[in-house]
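What follows is the residue order along each chain.
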Amino acid sequence: MDELEAIKVTFFQECEELLADLEGGLLAMQDGNDDGDTVNAVFRAVHSIKGGAGAFGLEPLVRFAHVFETLLDALRSNEIPGTPDLTALLLRASDVLADHVSAARGLGVVDMDVSAAMAAELKIATDPNAAPAAPAPVAAAPVDAAPQYVDAAPIVIGADDALDDDDLGFDFQPMTITLDAQAADAAVLDGNVWTVSIRPKSDLYRKANETALLLRELSRLGPIQATLDDSALPALEFIDPEAAYVTWSVRLETDQGEEAIREVFEFVDGDCELEITRGEAPAADVLASLLDVAAPAPELAPAAIEAPVEAPVVAAAPAPEPAAPAPVSAPAPAPVAANAPAAPAAKPAQIDVPGPGQSVIRVDPERIDRLIDLVGELVINQAMLAQRVGEYGIAPSSNLAMGLDELEQLTREIQDSVMAIRAQPVKSVFQRMPRLVREVANMTGKQARLVMDGENTEVDKTVIERLSDPITHMLRNAIDHGLESPEERKAAGKNPEGVVRLAALHRSGRIVIEVQDDGKGINRERVHSIAVKKGLISPDLQLTDEEIDNLIFLPGFSTADKISDVSGRGVGMDVVKRSVQALGGRISIASRPGQGSTFTLSLPLTLAVLDGMVVDVAGETLVIPLACIVESLRPKAEEIRPLGPVGSVLAVRDSFVPLIDVGLTLNYRDRSPAATEGVVLLVEGEDGSRAALVADAIHGQRQVVIKSLEQNYQQVEGVAAATILGDGRVALILDVDAVINLRRRGPPLPSDPTLIAAE
Amino acid sequence: MTEPTPTSSTETRELISFRVGEQEYCVDIMAVREIRGWSPATTLPQSPAYMRGVINLRGAVLPIMDLAARIGMPTTEPNVRSVFIVVQAGDRTVGLLVDAVSDILSITDDMCQPTPDIACENVRHFVRGIISIEGRMISEISLDRLLPEREALAA
Numbered sequence: 001m002d003e004l005e006a007i008k009v010t011f012f013q014e015c016e017e018l019l020a021d022l023e024g025g026l027l028a029m030q031d032g033n034d035d036g037d038t039v040n041a042v043f044r045a046v047h048s049i050k051g052g053a054g055a056f057g058l059e060p061l062v063r064f065a066h067v068f069e070t071l072l073d074a075l076r077s078n079e080i081p082g083t084p085d086l087t088a089l090l091l092r093a094s095d096v097l098a099d100h101v102s103a104a105r106g107l108g109v110v111d112m113d114v115s116a117a118m119a120a121e122l123k124i125a126t127d128p129n130a131a132p133a134a135p136a137p138v139a140a141a142p143v144d145a146a147p148q149y150v151d152a153a154p155i156v157i158g159a160d161d162a163l164d165d166d167d168l169g170f171d172f173q174p175m176t177i178t179l180d181a182q183a184a185d186a187a188v189l190d191g192n193v194w195t196v197s198i199r200p201k202s203d204l205y206r207k208a209n210e211t212a213l214l215l216r217e218l219s220r221l222g223p224i225q226a227t228l229d230d231s232a233l234p235a236l237e238f239i240d241p242e243a244a245y246v247t248w249s250v251r252l253e254t255d256q257g258e259e260a261i262r263e264v265f266e267f268v269d270g271d272c273e274l275e276i277t278r279g280e281a282p283a284a285d286v287l288a289s290l291l292d293v294a295a296p297a298p299e300l301a302p303a304a305i306e307a308p309v310e311a312p313v314v315a316a317a318p319a320p321e322p323a324a325p326a327p328v329s330a331p332a333p334a335p336v337a338a339n340a341p342a343a344p345a346a347k348p349a350q351i352d353v354p355g356p357g358q359s360v361i362r363v364d365p366e367r368i369d370r371l372i373d374l375v376g377e378l379v380i381n382q383a384m385l386a387q388r389v390g391e392y393g394i395a396p397s398s399n400l401a402m403g404l405d406e407l408e409q410l411t412r413e414i415q416d417s418v419m420a421i422r423a424q425p426v427k428s429v430f431q432r433m434p435r436l437v438r439e440v441a442n443m444t445g446k447q448a449r450l451v452m453d454g455e456n457t458e459v460d461k462t463v464i465e466r467l468s469d470p471i472t473h474m475l476r477n478a479i480d481h482g483l484e485s486p487e488e489r490k491a492a493g494k495n496p497e498g499v500v501r502l503a504a505l506h507r508s509g510r511i512v513i514e515v516q517d518d519g520k521g522i523n524r525e526r527v528h529s530i531a532v533k534k535g536l537i538s539p540d541l542q543l544t545d546e547e548i549d550n551l552i553f554l555p556g557f558s559t560a561d562k563i564s565d566v567s568g569r570g571v572g573m574d575v576v577k578r579s580v581q582a583l584g585g586r587i588s589i590a591s592r593p594g595q596g597s598t599f600t601l602s603l604p605l606t607l608a609v610l611d612g613m614v615v616d617v618a619g620e621t622l623v624i625p626l627a628c629i630v631e632s633l634r635p636k637a638e639e640i641r642p643l644g645p646v647g648s649v650l651a652v653r654d655s656f657v658p659l660i661d662v663g664l665t666l667n668y669r670d671r672s673p674a675a676t677e678g679v680v681l682l683v684e685g686e687d688g689s690r691a692a693l694v695a696d697a698i699h700g701q702r703q704v705v706i707k708s709l710e711q712n713y714q715q716v717e718g719v720a721a722a723t724i725l726g727d728g729r730v731a732l733i734l735d736v737d738a739v740i741n742l743r744r745r746g747p748p749l750p751s752d753p754t755l756i757a758a759e
Numbered sequence: 001m002t003e004p005t006p007t008s009s010t011e012t013r014e015l016i017s018f019r020v021g022e023q024e025y026c027v028d029i030m031a032v033r034e035i036r037g038w039s040p041a042t043t044l045p046q047s048p049a050y051m052r053g054v055i056n057l058r059g060a061v062l063p064i065m066d067l068a069a070r071i072g073m074p075t076t077e078p079n080v081r082s083v084f085i086v087v088q089a090g091d092r093t094v095g096l097l098v099d100a101v102s103d104i105l106s107i108t109d110d111m112c113q114p115t116p117d118i119a120c121e122n123v124r125h126f127v128r129g130i131i132s133i134e135g136r137m138i139s140e141i142s143l144d145r146l147l148p149e150r151e152a153l154a155a
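So the sequences go chain by chain: A and B. Our numbering puts the first residue of the first sequence at 1, with every later residue one more than the last. Our numbering puts the first residue of the second sequence at 1, with every later residue one more than the last.
Hints listed in this document are in silico derivations from the structure and should not be mistaken for laboratory results. From the three backbone atoms N, C-alpha and C, an ideal C-beta is built for every residue, glycine too. Warning: the hint list may mix true and false statements.
[Said to hold, decoys possible] A few chain B positions that, by computed beta-carbon distances, are all more than 10 Å from chain A: (1) S102; (2) P114; (3) I130; (4) R136.
[Claimed, not checked] A few chain B residues facing chain A, derived, Cβ under 7 Å: (5) P45; (6) Q46; (7) N56; (8) V61; (9) L62; (10) P63; (11) V94.
Construct the entire structure; sequences and hints are all you get.
Structure representation (structure tokens):
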């Protein structure tokens, strides 16, 4: 990959982030948070995309971004009011912009009709009169319109490094100010006069930009008169030679609009404070304050020195001696064009820039994955060492054992840190959803508003990548099947706009994703009758409400009356369920008729490591996730009460918990030994249900590296994954919920007896 | 698919032959990753009888399949001479428990006959063809059919 390509890749990465910022900002505006910062952030995002795209010559993208940006700029400067309709338009425009970015990247194509229509809409929104951008009529010609290039020797003030920027074609000519307040009024009312105040920040110079070049660019738009304000210049001994202290105020006559002026500053956006005002700045008082500065400090700051200013010649200006330490004769610190005193506005516009110092490193994810794999092996190796040391009977107080303890600590810390590197907020997945909701709502003719919560919940990258599909499916389902049409909603006395809530949260070591709609809820009668009709369940089967709700996860089940583009192909929820299960996750639905449904998806936080309890069951070693274990105990005979023909429960502080023999449930053995001989682990399932798992012995707590069973085999019911223990053997990690569910069904059966699987 | 499809009859292929009970089978050598001595496997619950369990193969969890049981014969009782052949089947790696590895065969496709139409459904399902060489009859295993479909248990 050549260098330009590499930069381009970075640009597209940044585009992703900028588009996310854009959408985030627009959504914040939609929620009524349309303060200046948000609008500015939105503007900046589009502007930066445009800037980068321009550098790579991505014409269609630039053109569209430009129109978009113009509208945002108008909004930013309060030329047009922000309305919900406008925000909706902006959101749709952001989708088109995203399409353009993808197309520029070679992924997909842009529907140019859509793009053109959107651009037209944006233009109309920018200027409701849809007047072609004709330059304002030129009023009175400025007194000395044409700039005359002064060919004077450059002035080097108190510095040896002479100005050698001869190639700039103009030089710096300090001039005495002739303060004439009246003169200022002359051309003020002329619409073609702009006052541009430029206050470079030190960063501008650090990035090898140059005010001189900016001024030259400005001069291309029309005659300029530049004024330097160095009132902020500290005394010599306090000067930071690399800091920027001065402000330029430029009076510009041009028939171009503000847009054109802003474009000049495109590459220094954020690195200088910029204020562009139409007309001339009310200068007198500012100038007066400038005059208070008795003697101008020598401009030591290199930044300030190397700023030749193209200034119209003013007759009365006494040219100071070249190489003079300071313009002695100048009472004012700044060269000012005599006939048109312009001064910086008192308060330059604050352009909100993300603070420096927040540096971000981009790392190829593969490197991190490799690191995580290695750390995983390290953990296994460390466990093996510990086991060997234990086998040799080395005293725990010996140096070796203590060193090993420290190694364990370190290993754990390394592992945590490495995992933290890979942890990402779910935002990256969530931010794609608003668009999906808009599109699905449009397609289905429903009104839906997406409310997102917990976007900053962090999960391991391995999980993030796999969240997108299930969430997409669940959202589609919620809008397509869950929400009613606006008319139906009105009839039911609801807001015609349905609300879909997407939330992420951490719960007992897992990430939980909830998709909630306020629609009609599941029509249980219909679900039941469809399941019967399709032969998924037998007609005489009595099911609880919860069981009926979960019928929608059966393969081949689809309740949509007609097959739509969106969902209803009958591959919806069972696919979701399967892909979630493959990740060691679970999905469930809770529904209340008339009030909506909630899909709850829970996944492990990481697919890499797990804290577990190592137990022995019927000669097999199993790992039970620590997150599920409430407590472990040795039951007394009187605490175990038989219930029914085969079952028994354990009395735990006045409550009765079903006893589940793990060996029996997993078919490791046919008869369970007396629970009093084993150890009982009180576990809590995902839905909060408790159970007492009986194991033969506990070996202790260990952090294990999760190894997938599916990679080379397939999912096994009751087993979440596998791991490799210190002795090098594979141990299975128990899926506690699945074990509880297996047991609930009574004696082990190949498939769920409440459902006749459609096989 | 790592299992090469036969191209022309003149092209020679190499196969690894092994013994399962009293019969000889073979797989394409290109699918074989390694051959290892038997080591105890961790039993998988809720699994068909032909799944012996899983072992640790340099950090990866490798399922071990009893080939005899898979094609419908009595399960193999592993002994010290038992080996498992690590093969690549589709995107999965799996160990096949066999009684012993015999040798490497070089064959051309015209030596390979279609499986005779016998009653056993299992054999027709798993055997691609039969090779007659030096008076021996060796059946070539169709690897991609050995592992159950992933989705089969997931519903």
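Hints versus structure:
no.	hint	result
1	S102	holds (26 Å)
2	P114	holds (30 Å)
3	I130	holds (29 Å)
4	R136	holds (31 Å)
5	P45	holds (4 Å)
6	Q46	holds (5 Å)
7	N56	holds (5 Å)
8	V61	holds (5 Å)
9	L62	holds (6 Å)
10	P63	holds (4 Å)
11	V94	holds (6 Å)
Every hint from the earlier list agrees with this structure, and none is contradicted.
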